[in-house]
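Top to bottom, those sequences are chains G, A, H and F.
Going by my numbering, 180 is the number at position 180 of the first sequence; the sequence numbering is gapless.
Going by my numbering, 224 is the number at position 29 of the second sequence; the sequence numbering is gapless.
Going by my numbering, 505 is the number at position 120 of the third sequence; the sequence numbering is gapless.
Going by my numbering, 804 is the number at position 226 of the fourth sequence; the sequence numbering is gapless.
Bear in mind the hints are in silico, worked out from the structure with no lab data behind them.
Careful, some of the hints might be misleading.
[Claimed, not checked] Straight-line alpha carbon distances no greater than 35 Å define the calculated DSBU-like cross-link-like pairs of lysine-lysine that follow:
1. A/K201 x G/K94
2. F/K585 x A/K291
3. F/K648 x A/K237
4. A/K231 x G/K94
[Claimed, not checked] Residues of chain H placed beyond 12 Å of chain A at every Cβ, according to the derived structure:
5. I399
6. S439
7. Y459
8. V461
9. F476
10. Y480
11. R511
12. N514
13. K550
14. I557
15. L565
16. L567
If you're wondering where the values come from, they're calculated on a predicted model, not measured in any experiment.
Using N, Cα and C, we set each Cβ at its ideal position, and we do this for glycine too.
In case you want the letters, here they are:
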Amino acid sequence: MIGRIFKEGLWTNHPIFRQLLGMCPTLAVTTTVLNGISMGLAVIFVLFFSSLVVSLLRKVVPHQVRIAVYTIIIATFVTIVDIFLKANFPQISKALGPYVPLIIVNCIILGRCEAFASKNRLSLALLDALVMGGGFFWGLVTLASVREILGQGTILGYKILPPSFNPLIVMVLPPGAFLVLGTLVAIMNRLERIK
Amino acid sequence: MKDSLKYNLRVIFVLTFISLICGFILSFVFNSAKAKIKENQKKDIYRAIYQIADDCKNVEEKSINEETIYWLFNDKDELIGYAYLSQGQGYQGKIKILFAVDKSIERLLGIEIIENVETPGLGSRINEESFKSQFKNLKTNVPVECVKFFPQKKNQIQAITSATISSRAVVGILNKGIQNLKNLIEENDR
Amino acid sequence: MKELVLIFISTVLINNFVLTYFLGICPFLGVSGRLSSAIGMGFSVIFVMTFASSIAWLIYHLILVKLNLVFLEYIVFILVIASLVQIVEMFVRKYSPSLYQALGIYLPLITTNCAILGCALFMVARNYNFLEAVVYGFSAGLGFTVVLLVMAGIREELNYCEVPKVFRGAPITLITAGLLALCFMGFSGLIRA
Amino acid sequence: MNEIIIKGLAVMGGLGLAFSVTLAYLSHRLKVESNPLVEKVLDILPGINCGACGFSSCRNFAEAIVAERKPFTCIPGGEDVNRKVSQLLGIQSQEVKRVKAVVHCGATKDEKKVSSFYVGPTSCAFVDITLGGLDCKYGCIGLGDCVSVCPAGAISIKRGKVVIDIKKCIGCGRCAKVCPRNLFELVPWQGESKIYFVACNNEEKVGYVKTVCERGCIGCGICVRIKDSPFYLQNNLSHINYQQISNEEILEEAKNKCPTKCIQELNA
Numbered sequence: 001m002i003g004r005i006f007k008e009g010l011w012t013n014h015p016i017f018r019q020l021l022g023m024c025p026t027l028a029v030t031t032t033v034l035n036g037i038s039m040g041l042a043v044i045f046v047l048f049f050s051s052l053v054v055s056l057l058r059k060v061v062p063h064q065v066r067i068a069v070y071t072i073i074i075a076t077f078v079t080i081v082d083i084f085l086k087a088n089f090p091q092i093s094k095a096l097g098p099y100v101p102l103i104i105v106n107c108i109i110l111g112r113c114e115a116f117a118s119k120n121r122l123s124l125a126l127l128d129a130l131v132m133g134g135g136f137f138w139g140l141v142t143l144a145s146v147r148e149i150l151g152q153g154t155i156l157g158y159k160i161l162p163p164s165f166n167p168l169i170v171m172v173l174p175p176g177a178f179l180v181l182g183t184l185v186a187i188m189n190r191l192e193r194i195k
Numbered sequence: 196m197k198d199s200l201k202y203n204l205r206v207i208f209v210l211t212f213i214s215l216i217c218g219f220i221l222s223f224v225f226n227s228a229k230a231k232i233k234e235n236q237k238k239d240i241y242r243a244i245y246q247i248a249d250d251c252k253n254v255e256e257k258s259i260n261e262e263t264i265y266w267l268f269n270d271k272d273e274l275i276g277y278a279y280l281s282q283g284q285g286y287q288g289k290i291k292i293l294f295a296v297d298k299s300i301e302r303l304l305g306i307e308i309i310e311n312v313e314t315p316g317l318g319s320r321i322n323e324e325s326f327k328s329q330f331k332n333l334k335t336n337v338p339v340e341c342v343k344f345f346p347q348k349k350n351q352i353q354a355i356t357s358a359t360i361s362s363r364a365v366v367g368i369l370n371k372g373i374q375n376l377k378n379l380i381e382e383n384d385r
Numbered sequence: 386m387k388e389l390v391l392i393f394i395s396t397v398l399i400n401n402f403v404l405t406y407f408l409g410i411c412p413f414l415g416v417s418g419r420l421s422s423a424i425g426m427g428f429s430v431i432f433v434m435t436f437a438s439s440i441a442w443l444i445y446h447l448i449l450v451k452l453n454l455v456f457l458e459y460i461v462f463i464l465v466i467a468s469l470v471q472i473v474e475m476f477v478r479k480y481s482p483s484l485y486q487a488l489g490i491y492l493p494l495i496t497t498n499c500a501i502l503g504c505a506l507f508m509v510a511r512n513y514n515f516l517e518a519v520v521y522g523f524s525a526g527l528g529f530t531v532v533l534l535v536m537a538g539i540r541e542e543l544n545y546c547e548v549p550k551v552f553r554g555a556p557i558t559l560i561t562a563g564l565l566a567l568c569f570m571g572f573s574g575l576i577r578a
Numbered sequence: 579m580n581e582i583i584i585k586g587l588a589v590m591g592g593l594g595l596a597f598s599v600t601l602a603y604l605s606h607r608l609k610v611e612s613n614p615l616v617e618k619v620l621d622i623l624p625g626i627n628c629g630a631c632g633f634s635s636c637r638n639f640a641e642a643i644v645a646e647r648k649p650f651t652c653i654p655g656g657e658d659v660n661r662k663v664s665q666l667l668g669i670q671s672q673e674v675k676r677v678k679a680v681v682h683c684g685a686t687k688d689e690k691k692v693s694s695f696y697v698g699p700t701s702c703a704f705v706d707i708t709l710g711g712l713d714c715k716y717g718c719i720g721l722g723d724c725v726s727v728c729p730a731g732a733i734s735i736k737r738g739k740v741v742i743d744i745k746k747c748i749g750c751g752r753c754a755k756v757c758p759r760n761l762f763e764l765v766p767w768q769g770e771s772k773i774y775f776v777a778c779n780n781e782e783k784v785g786y787v788k789t790v791c792e793r794g795c796i797g798c799g800i801c802v803r804i805k806d807s808p809f810y811l812q813n814n815l816s817h818i819n820y821q822q823i824s825n826e827e828i829l830e831e832a833k834n835k836c837p838t839k840c841i842q843e844l845n846a
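Model the full structure from these sequences, guided by the hints.
In structure tokens, the structure reads:
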């Protein structure tokens with residue numbers, strides 16, 4: 001069971017490349033690697049704690065309002081992250097800007113709460129949250145690295161490509177996000193087929 | 196029928212209770228972080244002010260009509276100008292600009308970008324010195340203009356290549372801010 | 386009036402929610418497979434977005450700002466949206482069963498549509514007044530619908546194309562969306578700031 | 579307790595209460611009187627909306643049978659579902675014939691001859707009207723229109739040949755509706771482990787058949803001449819009368835005797 005959770009979360013059922021969940025932060029904040037890392041960490045945090053609470057509350061919440069209750073819980077943790085970033089890491093908070101609140105409607109979190117945390121016992125739900133968050137994290141970092149290297153010739157702000165390299169501006173613009181993600185998903189498909 | 200009433204009561208109870216708890220936690224967290232957030236924002240603004248006006252040694256805050264204006268003083272405690280935070284819509288989101296003018300509000304001392312979420316590598320280059328320094332010593336009696344190539348008039352600046360929208364937004368926010376500041380100072384003097 | 390028209394055009398075409406802000410991508414990828422379901426989803430979104438944006442405006446300005454509780458905005462907005470969607474669903478089901486048949490399955494999906502929350506938050510961040518907020522909500526929904534329909538049309542044709550195997554399904558959809566986003570960037574010169 | 583916490587509590591509590599009360603009240607007021615019977619019937623039905631019953635969804639079907647109380651058939655559900663629903667509604671249970679789909683073309687892509695290549699939309703319907711892609715004008719084009727409509731995921735294409743998984747097939751007949759060459763037939767099935775079928779649909783004479791396919795039925799009649807054979811010839815093509823099958827061995831024999839090996843079997 002535990003092995004399966006790891007394999008699914010990090011590869012076969014990868015939240016970004018396989019399930020195509022949580023697209024809006026994925027595409028929007030991956031213009032630079034730093035943004036990708038911070039968004040990934042924020043998502044792991046929120047996912048972990050909302051899974052915790054949802055798993056504890058799973059028998060109490062009436063069916064009819066469960067989505068409302070879950071989103072409220074998620075929103076609370078997101079606001080905490082937001083306040084925390086504003087107070088302690090103002091630079092990151094500025095960069096992530098309006099996308100922090102959108103973690104609330106990140107389908108991964110609601111999806112995992114609904115599909116896994118609300119049906120499984122606490123320890124498994126927490127593990128699943130961490131692994132799914134980890135999968136999301138490496139997806140974000142990969143996407144962000146490709147876009148930053150091709151779009152600006154830098155990684156984490158350090159120049160790594162020679163100055164003669166002419167940055168592909170489109171990569172940091174919205175269309176680039178779609179194109180890179182599409183190609184990455186195709187590469188994942190290809191790797192799957194080799195196996 | 197009784198069952199459905201009971202169910203409804205449970206719906207009401209759970210939803211209210213959870214909102215209450217969440218409300219409490221959030222208020223608590225916010226309350227404890229409030230001071231720090233304020234301090235951070237203040238630090239940002241002060242750093243920008245000292246960068247723009249290097250002979251400024253002392254800053255006083257004053258609010259007029261619920262808007263904050265920063266009065267800048269030099270080491271002899273003479274008023275050298277004002278700074279003001281203006282914000283507006285950029286290409287992707289909010290841009291916040293801090294600018295300073297001399298005490299007669301005729302000359303711009305400079306601008307600093309406090310906050311922006313423009314595209315990295317393009318719009319975010321409004322944060323670069325080469326763009327910001329163009330605003331130094333511009334006259335404020337006519338609105339600043341933004342042109343794509345080779346500024347010729349005194350009140351023109353050159354936009355960043357392939358980020359015309361962000362550059363224009365900065366200029367627009369600046370002009371609006373100068374107008375605001377003039378009105379506020381006038382009101383204060385009266 | 387000029388302001389309203391500007392908001393309308395810029396929200397529908399220039400700052401399209403899906404293609405420039407990446408909001409509402411999940412339903413955009415999910416239901417753009419067939420034109421008929423795209424129409425249903427699109428209209429539900431317009432409907433809910435207009436409502437949500439106006440009610441969120443009222444609550445934000447009449448309660449949160451007055452009491453200095455702006456930091457509660459996320460949680461309040463999400464509460465508004467979740468409840469609103471459920472209320473709308475119940476109303477539609479009661480008073481227009483045929484509309485319910487058409488929209489029914491899409492309504493619950495909307496709660497998790499980030500475009501709605503994004504719309505409420507942007508509307509607040511831009512200091513719109515009430516009328517502007519309503520127009521903004523409506524045009525954001527319309528922009529979403531327009532892109533969704535265009536995409537669904539393309540994807541229906543795409544079914545009959547020879548796509549390399551690894552690109553079938555999601556990848557080709559994403560790349561199509563990328564090209565669509567490039568096209569929509571052409572609109573960005575439409576309004577001079 | 580300071581001011582912000584109290585205000586925050588009041589606002590959140592107030593809003594939560596307001597919305598939940600509204601929700602609860604409206605859900606009470608706006609309750610749609612749906613017939614509980616329909617829900618019960620819907621629970622029993624397979625819920626795959628296959629459309630074999632002639633209704634667009636299982637819900638429509640359930641509403642119709644609850645309203646009319648007439649005997650009905652739900653093919654994918656089989657006897658079990660039909661008996662349960664009939665009992666629930668107190669109507670005469672009708673005997674359900676369980677059917678499975680077979681394809682009357684069993685040639686792989688190496689066996690089918692192709693003299694003109696087809697380039698264009700990947701859909702059997704298109705190929706059928708352009709006459710390209712396949713020399714045999716009766717045979718399976720193999721682009722999988724049937725695969726995409728199958729609600730049970732029972733159809734796959736292996737080496738250009740349609741393969742049906744009997745275990746998965748629910749007998750809804752969607753594949754038969756979509757196939758432009760009418761290659762599918764729904765044949766009765768009572769739980770046998772094997773279903774035999776003639777894997778050819780070519781009604782031309784032997785000369786033509788031989789030029790387009792190695793696997794085609796040439797109408798030789800060997801299968802028909804076996805004693806008690808359920809096979810019969812029509813338009814140079816062998817068919818099986820599934821009502822007359824007396825014993826599986828005859829079918830096995832016919833399969834082995836067929837010179838072009840176009841009598842094939844599906845294993846359950």
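We went through each hint and held it up to the structure:
For the suggested pair A/K201 and G/K94, the alpha carbons sit about 47 Å apart, so the restraint of at most 35 Å is broken. Using a Cα cut-off of 35 Å, the hinted pair F/K585 and A/K291 holds, with the two alpha carbons roughly 30 Å apart. Of the supplied pair hints, the one linking F/K648 and A/K237 is violated, its CA atoms being roughly 78 Å apart against a limit of 35 Å. Restraint check for A/K231 and G/K94: the C-alpha separation of about 15 Å stays at or below 35 Å, so the hint holds.
A cut-off of 12 Å between C-beta atoms contradicts the statement that H/I399 is not in contact with chain A; the least separation is 10 Å. The beta carbon of H/S439 is kept farther than 12 Å from every beta carbon of chain A, the shortest such distance being approximately 21 Å. Under the 12 Å C-beta cut-off, the non-interface status given to H/Y459 relative to chain A is violated; the minimum distance is some 9 Å. Chain A draws H/V461 into its interface by the beta-carbon criterion, the shortest separation being 9 Å against a cut-off of 12 Å.
Against chain A, the non-interface label of H/F476 holds: every CB pair exceeds 12 Å, the least being about 18 Å. Every C-beta of chain A lies more than 12 Å from that of H/Y480, the closest at about 21 Å, which supports listing it as non-interface. Not every Cβ of chain A is farther than 12 Å from the Cβ of H/R511; the closest lies at roughly 6 Å, contradicting the non-interface assignment. Interface exclusion of H/N514 from chain A stands, the closest Cβ pair being 15 Å apart, more than 12 Å.
Remark: the non-interface label on H/K550 is consistent with the geometry, its nearest Cβ contact in chain A lying 34 Å away (cut-off 12 Å). No Cβ of chain A approaches the Cβ of H/I557 within 12 Å, the least distance being about 26 Å, so the stated non-interface status holds. With 12 Å as the threshold on Cβ separation, the claim that H/L565 sits away from chain A holds: the shortest Cβ distance comes to roughly 18 Å. Even its closest Cβ contact with chain A, about 14 Å, leaves H/L567 beyond 12 Å, as expected for a residue assigned away from the interface.
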